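When the count follows this note's numbering, it moves up by one through the sequence shown with no breaks and lands on 103 for the last residue.
In case anyone wonders, no lab produced these hints; they're calculated from the structure.
One thing to keep in mind: the hints can contain errors.
Okay, the calculated beta carbon distance ranges per label pair [as the list claims (entries may be wrong)]:
#: 1; residue 1: Glu-99; residue 2: Glu-39; range: 29 to 35 Å
#: 2; residue 1: Tyr-60; residue 2: Glu-99; range: 28 to 34 Å
#: 3; residue 1: Asp-89; residue 2: Arg-59; range: 28 to 34 Å
#: 4; residue 1: Lys-80; residue 2: Asp-58; range: 28 to 34 Å
#: 5; residue 1: Lys-75; residue 2: Lys-96; range: 28 to 34 Å
This structure is a prediction, so every number in the text was calculated from the model and none was measured.
From the three backbone atoms N, C-alpha and C, an ideal C-beta is built for every residue, glycine too.
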Amino acid sequence: MNVNIYVGNLNFKTTEEELGAHFEQFGPVSSVKIISDRYSGQSRGFGFVEMEKKEDGEKAVSELNGKDFAGRDLKINEAHQR
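Put together the whole structure using the sequences plus the hints.
Structure below.
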């Protein structure tokens, strides 16, 4: 079962490829999406990573939340639909 993870406080220069590679240490990543401003195209500093297994996602959340990535301390938790 896939799990969707919110990733906040991203460095504005972080790419989807870099973010996906950072999460792959915990298991297979299904998709990565960094949210960007629709007018400027600049990153808004947050995104979502979808992992194939719930256990891998939970481990990534617990181990990466608050940790430095590209000079910023990540804010990570399991994303929930609105």
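Here is how each hint holds up against the structure:
1. A C-beta distance of roughly 21 Å is found between Glu-99 and Glu-39, which places it outside the suggested range of 29 to 35 Å.
2. With their beta carbons about 30 Å apart, Tyr-60 and Glu-99 fall inside the hinted range of 28 to 34 Å.
3. Between Asp-89 and Arg-59, the C-beta spacing of about 29 Å keeps the proposed range 28 to 34 Å intact.
4. For the pair Lys-80 and Asp-58, the beta carbons lie near 32 Å from each other, so the given range of 28 to 34 Å is met.
5. Our hint of 28 to 34 Å for Lys-75 and Lys-96 is violated, since their Cβ atoms are close to 20 Å apart.
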